[in-house]
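**Q** Each chain, written out:
Number of protein chains: 4
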Amino acid sequence: MALTGVLRPGHVAIRVLDMKAALKHYVDVLGLIETARDPTTRRVFLKAWDEHDHHSVVLRETDRAGMDYMGWKVDSPATLKKLAADVEKSGLCSDLGWIAAGEHPATGERFRFTVPTGHVMELFAERGQVGNDCGTDGPNLNPTPWPDGLKGIAASRFDHCLLYGEDLDGSVKLFREVFGFGLAEQVIGGPDNEVMIGAFLSCSNKAHDVAFIRAPVKGKFHHASFELGSWEKVLHAGDVLSRNKTSIDLGPTRHGITRGETIYFFDPSGNRNEVFCGGYIYYPDKPTLTWTEDELGAAIFYHDRKLNDAFLSVFT
Amino acid sequence: MALTGVLRPGHVAIRVLDMKAALKHYVDVLGLIETARDPTTRRVFLKAWDEHDHHSVVLRETDRAGMDYMGWKVDSPATLKKLAADVEKSGLCSDLGWIAAGEHPATGERFRFTVPTGHVMELFAERGQVGNDCGTDGPNLNPTPWPDGLKGIAASRFDHCLLYGEDLDGSVKLFREVFGFGLAEQVIGGPDNEVMIGAFLSCSNKAHDVAFIRAPVKGKFHHASFELGSWEKVLHAGDVLSRNKTSIDLGPTRHGITRGETIYFFDPSGNRNEVFCGGYIYYPDKPTLTWTEDELGAAIFYHDRKLNDAFLSVFT
Amino acid sequence: MALTGVLRPGHVAIRVLDMKAALKHYVDVLGLIETARDPTTRRVFLKAWDEHDHHSVVLRETDRAGMDYMGWKVDSPATLKKLAADVEKSGLCSDLGWIAAGEHPATGERFRFTVPTGHVMELFAERGQVGNDCGTDGPNLNPTPWPDGLKGIAASRFDHCLLYGEDLDGSVKLFREVFGFGLAEQVIGGPDNEVMIGAFLSCSNKAHDVAFIRAPVKGKFHHASFELGSWEKVLHAGDVLSRNKTSIDLGPTRHGITRGETIYFFDPSGNRNEVFCGGYIYYPDKPTLTWTEDELGAAIFYHDRKLNDAFLSVFT
Amino acid sequence: MALTGVLRPGHVAIRVLDMKAALKHYVDVLGLIETARDPTTRRVFLKAWDEHDHHSVVLRETDRAGMDYMGWKVDSPATLKKLAADVEKSGLCSDLGWIAAGEHPATGERFRFTVPTGHVMELFAERGQVGNDCGTDGPNLNPTPWPDGLKGIAASRFDHCLLYGEDLDGSVKLFREVFGFGLAEQVIGGPDNEVMIGAFLSCSNKAHDVAFIRAPVKGKFHHASFELGSWEKVLHAGDVLSRNKTSIDLGPTRHGITRGETIYFFDPSGNRNEVFCGGYIYYPDKPTLTWTEDELGAAIFYHDRKLNDAFLSVFT
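In order, the protein sequence lines correspond to chains A, B, C and D. Residue numbers for the first sequence follow this note's numbering, so the first one is 67 and each next one is one higher. Residue numbers for the second sequence follow this note's numbering, so the first one is 67 and each next one is one higher. Residue numbers for the third sequence follow this note's numbering, so the first one is 67 and each next one is one higher. Residue numbers for the fourth sequence follow this note's numbering, so the first one is 67 and each next one is one higher.
It is worth saying that the hints were derived from the structure and are not from the lab. Bear in mind that the values here come from a model prediction, so they are computed numbers and not experimental data. Among the hints, erroneous ones may be present.
Pair ranges (Cβ atoms, derived) [to be verified]:
1) D:D375 with A:G194: 41 to 47 Å
2) C:E260 with B:D235: 52 to 58 Å
3) B:P282 with A:S313: 50 to 56 Å
4) D:P171 with A:D152: 38 to 44 Å
5) C:N259 with B:Q195: 18 to 24 Å
6) B:R108 with A:L216: 25 to 31 Å
7) A:K239 with C:N310: 35 to 41 Å
8) D:D360 with A:G168: 38 to 44 Å
9) D:N310 with B:P205: 46 to 52 Å
10) C:N259 with A:G215: 49 to 55 Å
11) D:P143 with A:S313: 38 to 44 Å
12) D:D375 with A:G168: 53 to 59 Å
13) C:N310 with A:G204: 18 to 24 Å
Partial chain B-side listing against chain D, Cβ under 8 Å, derived [unchecked claim]:
14) K90
15) P211
16) S296
17) E298
Glycine is no exception: its CB is placed at the ideal position from the N, C-alpha and C atoms.
All chains should be built: construct the whole structure from the sequences, respecting the hints.
**A** What follows is the structure, encoded as structure tokens:
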């Protein structure tokens, strides 16, 4: 985790147009597990199989796709208080406020704010654990390497989001200086390569926990990404997606950035998902990798070495 | 092998525009091994590492890309004579004739003919063996699973060609009835699905040894395919191709037809290559798999479920 | 297939001590599919998912483990008659006779005989097909690469048997000279390496369809092997076996012989099974690979380079 | 990293009996890269390809195998000072002292101490970076996913050590309470399962950075482990080891503990090495996984479900 106590992306709340179709996608195809449902707010809460916390994905049925917010789990209530104060002090965010405990099931209070790129983010410290069903003699006792009965792609974790917005510098400053993230990779451009176009930020040993791309929009959602254990599981994911006639955006392929092996696809509402594996082990003392704009194609899709039409133009 | 005694695709002769660039591609990138060179005819002979015969790929430098011819190894000189007579008797082929032994290095006489789709084919029975360098105590004694010193993609075998031509029915009739190939898969179309659009033919337990696509052209070459041992090697191939800035056509992905896992790319002259792995074990009593034209996208590229622009329009 | 018309190992009949336990193993763990049951003879018939024929494994409940017989599918009734006559003429076999059509469900008449190593073998030409459940618009129409609902290890095919017996030379002579098999690999030993200790025989492009090891016994069964598509599936198999507390003999590892990637384990009656992937593409003109007795360890278990205690001593 | 600022295992210093044989092993077989040599102290410094720091492995030629010491990189000189004081204050360690900057090439001062299990450990904050040779337009600019010219197994990182000693409780207390490590997994035994037999400790998102096994010895070394990217690379490692006739201890297989996929082998001096891939993503709020002694076999070697003879008895 970051020295600030930020542990990981704890949840992403995604807007869907039709909950039934969404659940078919997120449960039967992607393989998430439903853990709670809130009919009043038209929300369903899900987790990936290898997560212990109660939920990591929140689907909300409404009339417009996109991301409601992304939440970050921190290591203690004290850290939560401290970081909330730091966010306020930074002056970088707007719409600061607290969400009461229980608004998410099994979850303590959350501190909410809007980052400079226009995305709503949250911090929280407490969430009940429901386990990963691997223990054979108790919840965490003598475990098997994977549980029985997984569905579809069987993604193991919610991993990160890629987000589009204009004030990239502001959001990067927030995550680096207030939350202590490292800049694992960046894309630079402009006449003298003086503009940061993309930032891949890590609060862990993963190659990224959140990424931002500079674009003349506010609060846009490019994709939510889920982890798989191997390149063969990426192939299996492609097979499952095709069998279900899920719209695939691109892949299987390798990313230049993070080295991950990936496939992009769309949920029935048009929100992009990714499942991926691989990538290096990141440490705060690892040099930032830099991509120049002329190598942007290889940076994103290492094999094709060019962007597909959708990458820059389709988001929710 | 087929009951007729046809063993396998024994060679493909490809025209290249610049031999130096071609060798960089076929040797350093694809990983074939040069075994002979004939400056007079501007030809270079190569083999893949796990083939025992002297060569399986012939490159010829000239001013137009494409395939000169494809050769089939048969199990004996008697079979060669018998099949040459059968080809003649069939009346399906034109330009029949014998090529003297030695015209290819280490190779006996070849019987050459043009099949109904306009492709030049050959039969031959004899070729010297140079081994696969796996033996540790002699050429085929106490072998290792793979030899040291392989380059680039390290394709293990020349596997098949996909060819475009108008008289699909004629070429299919020749391969099935004269050469004893099985029709592993077919694509059908037309108003009542009465037209065979594609035929995937096998003389072995491989899913295909040659394939034909109906197209209003004569003797055109879509790709020559080389075998890899695993999906991870397909990823590695993609990485090697990108590192060498080789033009990738599509992939990594899965084919619907044959189930193979694949990546397509172009040599510097514009000839398409494939490396692939996987696919089922074919037997003559296996039912022919049929794809309808409306599923052509999934048949070719199972994940995308649609053809890319190049598949039908780019060939040499 | 061999030029003689022998297609493949068509079935193996295995004796089990307890049918209920055996079915848990062969269906739930190995992933075979039950296609028929014959209470009178206490037999259950099964197939692997990617086989089209009605069955490939016959389990019979009795008081002693081991192999009842192994069956070979040939390409036509004419071939069956011809090969039956050839077996008789060879003088190599004993206990020749015909089994009436229908004694196996969906199966024509079988010619049965005992080979020199003491194993009962059969030839047959006709068996009904039940398909592999991949077609989406009909049995073999617009298929998916794999069907839904597979269980456990999900072995795709019955592949070969390894058998122990004294008169190795006799059985090798029969398979090579009467059935037209190629000798893909051999192990040789004795003071001057003049004794063949093991023979790996192929009637296909697979590295082996049956193998014999010389041992001072008669008609003994070392293992029946089933095919998997990848090394990752071998890992998955190991996980499934451990989860089910199935006794694993050795692996995952690589074989030196055939290069296959493998795991050995025991059914509840003590019969050894193998699941494996990989290996080269065999052709009749491929040189025989030879292993000397001092390299026997590496030949069998390439990583350990030594046999485990069970390999030579445990069979049924 | 841990909140204390401990980043990772920064080096392991291993004693070897013959430097020439050791380098053949660590460079040609394991694939490490030599970065410096100190003839006076008979030491050679090496790094794995995907590490950026100057070195992570130190070999010293002497007359007894084993581990000299293990070093931990921390995030800053201030952390180094703080943790050195904390170690002293803890009273858990003996033989505390500072090693001058430069005693290791390209390395700042190191704080050395002996932990309760008898192992010499070090903390350090500064080490020069030599990069991973992936940048195509500069050291960290427009990188490829892997560099050219890797040798043998091509291990990507030094990952962790497993150490044997009597006072397990003391070392666990030190790493948890002073260094802030999490207890990812434990093995418990004794009449009432009240004794911790093994502890797998993480200062990162890896499943472990160091592990201790209780044994009636002092300062003993079980293995140093190196990371690979995939299960296929574990197979490749097994092939490379066999080709070089390296003594393999066990594997390829899966560990129950950490879920990693692994192969164990010995360097020419009898020091055990591991290469592995996989395992889950660890977080400090992940519940500790517990194995009971009766499941120790499955905990260590998940497929065999039993220890081999060497695991508990062979160490250096």
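**Q** Is 35 to 41 Å a correct range for the gap between the Cβ atoms of A:K239 and C:N310?
**A** Roughly 54 Å apart at Cβ, these two residues miss the hinted range, so it is violated.
**Q** Within 38 to 44 Å or not, the Cβ separation of D:P171 and A:D152?
**A** 40 Å, holds
**Q** Return the status of the interface hint for B:S296: holds when the least beta-carbon distance to chain D is below 8 Å, violated otherwise.
**A** Cβ of B:S296 sits 6 Å from chain D, so the hint holds.
**Q** With 8 Å as the cut and Cβ atoms as the points, is B:P211 at the interface with chain D?
**A** 6 Å, holds
**Q** With a cut-off of 8 Å on the beta carbons, see whether B:K90 makes it to chain D.
**A** Hint violated; B:K90 Cβ to chain D Cβ min 15 Å, cut 8 Å.
**Q** Could you check the hint for me, namely that D:N310 and B:P205 are 46 to 52 Å apart, CB to CB?
**A** Because 21 Å falls outside the window, the suggested range is violated.
**Q** Confirm or reject the claim that C:N259 and A:G215 have a C-beta distance inside 49 to 55 Å.
**A** This hint holds: roughly 53 Å between Cβ atoms.
**Q** How does the Cβ-Cβ distance of C:N310 and A:G204 compare with 18 to 24 Å: does it lie in that range?
**A** Holds, at about 20 Å.
**Q** Interface hint check: B:E298, Cβ to nearest Cβ on chain D, cutoff 8 Å. Holds or violated?
**A** Constraint on B:E298 satisfied, holds at 4 Å.
**Q** When you take the CB atoms of C:N259 and B:Q195, is the distance between them in 18 to 24 Å?
**A** 22 Å, holds
**Q** Quick check on a hinted range of 52 to 58 Å for C:E260 and B:D235, using CB atoms only.
**A** 56 Å, holds
**Q** Within 25 to 31 Å or not, the Cβ separation of B:R108 and A:L216?
**A** 57 Å, violated
Consistency with the previously given hints fails for numbers 3, 6, 7, 9, 11, 14, ordered from lowest to highest.
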